[in-house]
Every structure is written in structure tokens, then in C-alpha cells.
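Novice: So the chains spell out like this:
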Amino acid sequence: MIALSHINWQSPTGFALRDICLDIPVATYAVLMGATGCGKTSLLEILCGLRVPNSGKVLLGGHDVTHWEPRRRGIGYVPQDLALFPGRRVRDQIGFAPALRGAAAAEMATTVQRLASELGISHLLGRLPENLSGGEKQRVALARALAAEPRVLLLDEPLSALDESTRAVATHLLRDLQVSHALTVLHVTHSRTEAEALGQIRLRLDGGKIIHESQPGTPPALE
Amino acid sequence: MPRRLPQPFWLILAGVTAAYLVFWLLLLGATATYSTPQAWLDTLLKAEIRHAAWLSLLTCTAAAAAALVIAVPIGYFMARRSFRGKSLLDAALDIPIVLPPMVVGLCLLIFFQTRIGRAIETLIPFTYTVAGVVLAQFVVAAAFAIRTMRGTFDHLPARPEDVALTLGATRFQALWHVALPGARRGMVAAFCIAWARSLGEFGPILVFAGATRMRTEVLPTTVWLELSVGNLESAVAVSLVMILIAVAVLVVVRATGERV
Numbered sequence: 001m002i003a004l005s006h007i008n009w010q011s012p013t014g015f016a017l018r019d020i021c022l023d024i025p026v027a028t029y030a031v032l033m034g035a036t037g038c039g040k041t042s043l044l045e046i047l048c049g050l051r052v053p054n055s056g057k058v059l060l061g062g063h064d065v066t067h068w069e070p071r072r073r074g075i076g077y078v079p080q081d082l083a084l085f086p087g088r089r090v091r092d093q094i095g096f097a098p099a100l101r102g103a104a105a106a107e108m109a110t111t112v113q114r115l116a117s118e119l120g121i122s123h124l125l126g127r128l129p130e131n132l133s134g135g136e137k138q139r140v141a142l143a144r145a146l147a148a149e150p151r152v153l154l155l156d157e158p159l160s161a162l163d164e165s166t167r168a169v170a171t172h173l174l175r176d177l178q179v180s181h182a183l184t185v186l187h188v189t190h191s192r193t194e195a196e197a198l199g200q201i202r203l204r205l206d207g208g209k210i211i212h213e214s215q216p217g218t219p220p221a222l223e
Numbered sequence: 224m225p226r227r228l229p230q231p232f233w234l235i236l237a238g239v240t241a242a243y244l245v246f247w248l249l250l251l252g253a254t255a256t257y258s259t260p261q262a263w264l265d266t267l268l269k270a271e272i273r274h275a276a277w278l279s280l281l282t283c284t285a286a287a288a289a290a291l292v293i294a295v296p297i298g299y300f301m302a303r304r305s306f307r308g309k310s311l312l313d314a315a316l317d318i319p320i321v322l323p324p325m326v327v328g329l330c331l332l333i334f335f336q337t338r339i340g341r342a343i344e345t346l347i348p349f350t351y352t353v354a355g356v357v358l359a360q361f362v363v364a365a366a367f368a369i370r371t372m373r374g375t376f377d378h379l380p381a382r383p384e385d386v387a388l389t390l391g392a393t394r395f396q397a398l399w400h401v402a403l404p405g406a407r408r409g410m411v412a413a414f415c416i417a418w419a420r421s422l423g424e425f426g427p428i429l430v431f432a433g434a435t436r437m438r439t440e441v442l443p444t445t446v447w448l449e450l451s452v453g454n455l456e457s458a459v460a461v462s463l464v465m466i467l468i469a470v471a472v473l474v475v476v477r478a479t480g481e482r483v
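Taken in sequence, the protein lines are chains A and B.
1 is the number of the first residue of the first sequence in the working numbering; add one for each residue after it.
224 is the number of the first residue of the second sequence in the working numbering; add one for each residue after it.
Be aware that one or more of the hints could be misleading.
Unchecked claim - Calculated Cβ distances over 12 Å to all of chain A for the following chain B residues:
no., residue
1, Asp-265
2, Leu-268
3, Arg-338
4, Gly-340
5, Arg-341
6, Val-386
7, Gly-405
8, Phe-425
9, Leu-448
10, Glu-456
What the hints assert, rightly or not - Label pairs and their calculated CB-CB ranges:
no., chain 1, residue 1, chain 2, residue 2, range
11, B, Leu-236, A, Thr-166, 42 to 52 Å
12, B, Ala-314, A, Ser-165, 27 to 37 Å
13, B, Ala-241, A, Ser-165, 25 to 35 Å
14, B, Asp-313, A, Glu-69, 50 to 60 Å
Said to hold, decoys possible - Part of the chain B face toward chain A, derived, beta carbon under 7 Å:
no., residue
15, Ala-289
16, Thr-389
17, Ala-392
18, Val-401
Everything labelled a hint here was simulated from the structure, so no lab data went into it.
Cβ atoms here follow ideal geometry from the backbone N, Cα and C, with glycine treated the same way.
Work the whole structure out from these sequences, hints included.
Specialist: What follows is the structure, encoded as C-alpha cells:
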């Protein structure tokens, strides 16, 4: 589903990703680990089209999308800071993608209600981002991404800002969402526990290269 | 419990601040008490002064609106894109701020004598017209509005716009639906700064649009016209009107900035 073929990328500051090759099958939960600053976020940005690699190909469902705009890729992206839209209520955050694709008001309301209910945030629809807790913000960001009906979901350290109890609930939520939406997920973290709990494929980015720590088929350790 | 004495360092800084404010209050106080209320009233009731005041309000609003229209895209572009020669372009955008005002007026006057300028004037006459007043105000005010919008977008994280792109937005939709709502305060500030700058503009207007009574005369030119005929009381009265308007703008900026 997601494949990177010999991706090379160099940042203006000299930091580099070298000859990255990666293949994540459809509806698989992959976790990418690595130290802070090793290029995990840059890799996600290359995948969703926010950065263009110096060489190599990004393939989605067999199509070369290396030079496609982000909006054409069908990839949902939840960045580490969640990047909720300032001044927009939760309802409008989730309804953003349906509104862009010209959904009718009734269809948009149904989508918002369905996702809000699925993520347990129906009671927050009228709130502004500044009035939400870390866990609530994370659910809103997930609902916003899912409203675009992506085939692939990229999560950049989605659990890092949560306390321990919220993190356990969120871990189950992520796994359930992946299964119920049949998503191909690439989840970036530097927590081994998180990787072992969620990852059907576990990868490590080290020195600008990808190292496979487990292969498809390895069951995640989630209870 | 003994009260802690303020440190000498902070006392000195507070003293400098107070001295500066006192200096300004003395200037304003001297101006305000120079004339009698009756003389003020007589001046402000003059038809030509009222015309100048209305023209000032009208042209400042038009110039500030036009300045904001170009400041938003330029500020966004300068804040979000990195390219070769960016620092040169950044410096070039500040040229109207550092140019002597008379030179700005002269540049405008000369430009409208060129072939392109004359062609534009066949469509909209600028030289020595009200449109010229707006253009002269706009040229300088826009530079201040651009600087304000650049600072605003610099301080807004780009990440929400990136997310909007992955959700199906075009670059323009990301600007319109995500960046602009987040930049509301900056836009209000840019408009008010451009408006206030336009109100005080004198040199370029005098050179490019002239100071014709009941035609292109705005408040700063009124002060100059009254001074040039030795009518100091009228000049002072008009100056006080401008001070009051400036203070009102300052209050509105503060209040709006907190609410937007």
C-alpha cells in the first residue's frame, strides 16, 4: 500500500535520509521508531507530500505519487502538535474536509456526528481548541483526519503528550480505528512499549536508514 | 516584614520611561493650552477645515484598505517561502519606510510623466486629484502594513495549513480558511497602523496631489496652509483634532486587538 523506493532527501541544514526503502501492506499497522531528530517527521512529510525527496519514489497503491499534491494522495496526517485550526470549533474542525469536497450540510452533519460518536467527543462539538485537554485534542485531530476518508493514516508521536491512563485508552482507540476503517497506518514514536503494543510491523530509523525490527504477520502485543 | 526596595536598575529604567512620557505630555499640554476653546470652535466650523477632515477620513480608509489587500499576500509569501535573494527583497519592501517623504512624492510625480504613467492617467487621473491623495498615502502605508502582516504570519505556525493541504485544501484554501482566521488580530493591527500612517502623511501628498482648498486638502496640509499664512491658532486647532483622532485610533486598536 505505502512504498518508498530509494528515497534520498537532504534538509537545508544538512540532515539527510539516505536510500530509504519501505513497504507497508494494506490495512497494516506499522510503527516507526527512532531517536529525536533522526528524520521520522521528515519521512512522514515526504509520504504525505509536504516535502519532495531529492530522488526516489513514493508509491501509494502501486501509483507513483512522488510529485502529487498532498490533497490528491488520500493520506490523513496527524502531526505531533496536532495543529488544530485556531478559532474553529470542534464541529468545524471535523467538518473541514467534507466541506472542502462540497458535501451537503446534512451529509456533513452526519459525518461529524458519526466520527464524534466513534471517538467519544460528541459533547465537545461546540468547543474551541483552547478549551480542550490534550487527550480531547488528540481525538479531535484524529476525527478531523478520518473525515477526509483517507486510505492511509500517518501519526506523528500521537501519544507523547498524554498521561499514562489516557495513553492506554488512546492506544486501544488507535488500534480499533485502524481495524474499523481498514487503514494502513504508519505511527511514529520513540517508545518501544508503544511500538510493541501497536505495531504489526516495527521499523527503526537510524543514521538516515530504515531497519526492520519485525516482519508483517507478527502479532502486536496489544491485549 | 520590611518592604523590599526597588533595585536601582529598575528605578533608572522607570525614570527614563517617565521622562519620555512627561516630555510628550508637556508638548501636548503646550499645544492644547495655546488657544482658546472659542478659537478652536471657530476653526473647526470653517467649511474648508471640515472638508479637509472628511477627505482625510475617507482617503485614509481607502489607502489602509488597499494597503491591507496587498499586505496579506506579500506578508504571507515572505513568511512562508524561502528563496535566493529573500533578504534583498525584504529590504526592498522597506524602501518606502526609509525614503524621505518628499522623495516619495517626487517619484510618484515623475512616474506619472512617463509613458506608462500617462497611460494609467487616461484611465484614472492621479496627479493633483483625490485619487492621488489616496495613492500617496497608500505608497507609504502599505510598507508598514506589509511589515505587520509579515510579523503576524511569522508568528503563526504553518503546521495547521500543512494539515489543511492533506485534508484536501489547495494552497489558497489553506490561506483563506486556516491562516487568515488565525491572523485576524494582525490584520486589524495592520489596517490601523496603515490608517494612522496615512493620516499623518504630508510630504508625498503635497508634492503629488497638491494642497488645493476644498479639493485635495487633507488635515496635515491644512496645518501647513494655515501656518504658511501665519494663522497659528487654526493650525493648532487642526493639530489637536489630529491628536484626538490618533488617540482614538490607538484606543480602538487596543480594544479590537484584545477582542478579535
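Novice: The hint names Val-401/B as touching chain A; please verify it with the least Cβ-Cβ distance against 7 Å.
Specialist: holds (5 Å)
Novice: Have a go at the Ala-289/B hint: is there a Cβ in chain A nearer than 7 Å to its own Cβ?
Specialist: violated (26 Å)
Novice: Hint Ala-392/B vs chain A: min CB-CB distance below 7 Å?
Specialist: holds (6 Å)
Novice: Holds or violated: the 25 to 35 Å window for the beta-carbon distance between Ala-241/B and Ser-165/A?
Specialist: violated (54 Å)
Novice: Taking the closest pair, is the beta carbon of Arg-338/B still more than 12 Å from chain A?
Specialist: holds (42 Å)
Novice: Please confirm whether Leu-448/B is truly not at the interface, meaning its C-beta sits more than 12 Å away from all C-beta atoms of chain A.
Specialist: Label holds. Min Cβ-Cβ 47 Å, cutoff 12 Å.
Novice: Was Arg-341/B rightly flagged as not at the interface, with every chain A Cβ beyond 12 Å?
Specialist: Per Cβ check, Arg-341/B is outside 12 Å of chain A; nearest 44 Å; holds.
Novice: Taking the shortest Cβ-to-Cβ distance between Asp-265/B and chain A, state whether it exceeds 12 Å.
Specialist: Non-interface label on Asp-265/B holds, nearest chain A Cβ at 49 Å vs cutoff 12 Å.
Novice: Please check whether Ala-314/B and Ser-165/A have a Cβ separation lying inside 27 to 37 Å.
Specialist: violated (54 Å)
Novice: Please confirm whether Glu-456/B is truly not at the interface, meaning its C-beta sits more than 12 Å away from all C-beta atoms of chain A.
Specialist: holds (50 Å)
Novice: Quick one: work out the minimum CB distance from Gly-340/B to chain A and report holds if it exceeds 12 Å, violated otherwise.
Specialist: At roughly 41 Å from the nearest Cβ of chain A, Gly-340/B sits farther out than 12 Å, so the non-interface label holds.
Novice: When you look at the beta carbon of Gly-405/B, is every beta carbon of chain A farther off than 12 Å?
Specialist: Given that some Cβ of chain A is not farther than 12 Å from that of Gly-405/B, nearest at about 4 Å, it is violated.
The earlier numbered hints that this structure contradicts are 6, 7, 12, 13, 14 and 15.
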